[in-house]
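Asker: Listed below are the residues making up each chain.
Number of protein chains: 2
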Amino acid sequence: MLKTNLTQISKPIKSELIRFNEVFKDSLKSKVGLVDLVTKYILKQKGKKVRPLLVLLSAKVAGGINDRSYRGAILVELLHTATLVHDDVVDSAEKRRGMPSINAVWKNKVAVLMGDYLLSRGLLIAVEGKDFDFLKIVTDTVKRMSEGELLQIKKTKKLDIDEKTYFKIISDKTASLLSTCCEIGALSASANSEYQNAMHNFGEYLGIAFQIRDDILDYVGSSKIIGKPLGGDIKEKKITLPLIYALNSATEKEASNIIKLIKKNKKRENISEILTFVKKFNGIEYANSVALEYSYKAKQMLEIFPTSESKLALEALVDFVIERKN
Amino acid sequence: MLKTNLTQISKPIKSELIRFNEVFKDSLKSKVGLVDLVTKYILKQKGKKVRPLLVLLSAKVAGGINDRSYRGAILVELLHTATLVHDDVVDSAEKRRGMPSINAVWKNKVAVLMGDYLLSRGLLIAVEGKDFDFLKIVTDTVKRMSEGELLQIKKTKKLDIDEKTYFKIISDKTASLLSTCCEIGALSASANSEYQNAMHNFGEYLGIAFQIRDDILDYVGSSKIIGKPLGGDIKEKKITLPLIYALNSATEKEASNIIKLIKKNKKRENISEILTFVKKFNGIEYANSVALEYSYKAKQMLEIFPTSESKLALEALVDFVIERKN
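Chains as they are written, first to last, in the working numbering: chain F, 2 to 327; chain U, 2 to 327.
Read the hints as simulated data drawn from the structure, not as lab findings.
Treat the hints loosely; a few may be bogus.
Partial pick of chain U residues on the chain F-facing surface, computed with a CB cut under 10 Å [to be verified]:
| no. | residue |
| --- | --- |
| 1 | 30 |
| 2 | 31 |
| 3 | 106 |
| 4 | 111 |
| 5 | 119 |
| 6 | 125 |
| 7 | 128 |
| 8 | 143 |
| 9 | 172 |
| 10 | 215 |
| 11 | 218 |
| 12 | 221 |
Quick reminder that beta carbons are idealized off the backbone N, C-alpha and C, glycines included.
Okay, chain F solo, but in the shape it has when bound (with noise of 0.2 Å):
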C-alpha cells in the first residue's frame, strides 16, 4: 500500500479545509485583549486538524458539507483545544507541538481559564446555530472523557485493570471524540439515522484501534520520531493492552513480579524488564491484531455509503491510523 499521510487523504475536502480555517479563526476573536493574544498563539500552534477533517469527510460521505458541517468542525476542534490546554496544565507539560505550552507562558490560571473559555464559546457557536442534536452529543462526550481520564487514573494507582477496564477508558477518553466528529458530520449532511449511527461507530471503532496503536508505540515506537523515550506509559504507570495481554498470559509469580516492577518503576533496567516482558508473550502482536480488527470494523462501517473519493479517504485514514510509525 502507497504510504498515506493526512495531506494525501484530506484531498478531497482541500478548499473546504481553508474555508475552515478562515472560520475557525474568525470564531477564535474575543474584545478581550489577553484572550485574543493566547487564541492567536494557538492558531500558531497548527494542530494536526484531524477532527475538523473527520467531520468534513463524514458530511461529505453522507451527503454534502453545509453551514452546519462547519459550525460542527468548529465545536469539535474548540473542544478539543480545551482539553488539551487543561491536559498540559494537569501534566504540567511545558511543550505543545514544538511550541512552550499555555501555561509555560502565561501560568496555571491562565491556561485553566482559556480551556472553560474555548469550551464555552464552542457551545455557544452550537447554541446559536440552533444546533441542539450537537449540543447533546458533544456534553455526554465532554462528560465521557473526563470519566474516562478519571477511571484511568482511579486504575493507574491500583494497577488492577483488565481488558474490560482499558476498553471503556480508551473508548471513553479518546474514542467517544472521534465518533462524535463523524456522528455530527452525518448529522448535518443526512437525516437518515442509519447513516449516523454508521458514522459514529465508525469513528468509535477508529478511536478505539487508533487508541491501541498509541500504546504499542509506547512499547516499540522510535524515540526520535515519536519525540518521547519509550515505556512513558510503563513510568506513569498506565497499563495498556500490550502489558494486560503478557500480565494474563505469564504465570502468577512473574505477573506479580512485574507488577512490583512497576511500582518501582523509576530504574532504566526496570522499563527494559518490562518491555521485554511485553515482547516475549507476543503483547504487542496480539495488541496490534486487535488493533487491525477495530480497523476492519470501522471500514465496514462505511459499506452503507456510495462509493465517493471522501469515502477513499475515511479508508485511507482507518490505514494510517494502523500503520503509523509515530
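Given chain F, put chain U in place with the hints provided.
Answerer: Just chain U now, kept in the frame of chain F:
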C-alpha cells in the same frame, strides 16, 4: 432593620430547598468510583447554595416553581461548583468551605477533570430536559466569567484600571452568574419577557452590589470574621473600587507613589499605608454609596411583581448583601 440571614431568607421555599438538595445529590451520582467519591466529598463541603436559592425564589416570584426550575437550579449549582473547583487549582488554594480543597486531596489533575465533569454534567441535564433557552444563557455566562477573570489578570499585571474596566470585570466574573440564576428562574416560571428581563437585571444589579461589597470588605472587614487578612486584594495587585476612587481623587504624584507601593507590595507597612490612603480619600464611603445605589436599582426591578413572601425574601437578600460583614 432586623439582622437578616440566609436561613430566614430561604423560609418561603424551605420545602423546595429540601427537594432541591435531594435531586442535586442524585444528579451527582456516577458509575465511575472516583467521580462518585469526589462528588460525595463536595456534598459534604455544604455550600451556601445561594444560586439555587436565587433560581427558586425568582421562579416563585415570577409564577411558581416547577420541574424546570429545579433543573435550572441544579445546572447553576453544578456550574458554580465547577468554577470553584477550577479556581482552587489556579489559586493553589488548600481550603474550601473549611475543608481541604479537591486539589489538596486528589491533586490538580483530578480537580481540573472534575471541574470539566461537573460543567458537562450540568449542561447535559439541560440538554436532556430540552432547556435550550437555559443553555444559551449559561454557555454565554461561562464565556463571560472566564473572559472577566482573564481581563482582571491582564489589568492586574499592568495596574492600569479605571472605573469602567472595573465594572466590566465584576459584571462578567460575578454578576453574570447571579443574573443567569434569576433569569433562569423567571424563564422556568413564566413566558412573560418583561418578567424575564426584570429578573435578569435584578440579578445583575444584585451581583454588582455583592462584588463591590466583597471588595470593600477587603479594606474594612474584620479578619477574624472573614477568615482572611485585610489587604489580600492589594497583595495580589487587584485594584478595586475603593482604591480606584482614591487614586482618582489624589494628586498625580500621590497616586503614582501608591502605584509604586502596590508594585513592591510584599511589606506589611506598605499594605497599611495603602489602606490609610484609601480611607483618607473616602474610597470606602464612595464604594459603599455605589453598592447602595445598585441595591436600590435591584429592588426597583422587583416592582413589577406582585407582593409575596418570596418577593420580600429577594428584597431581604439585597439588604443582606449590602449589610454583610463577611
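Asker: State the violated hints by number, sorted upward, taking the hints as numbered earlier in the document.
Answerer: 1, 3, 9, 10, 11, 12
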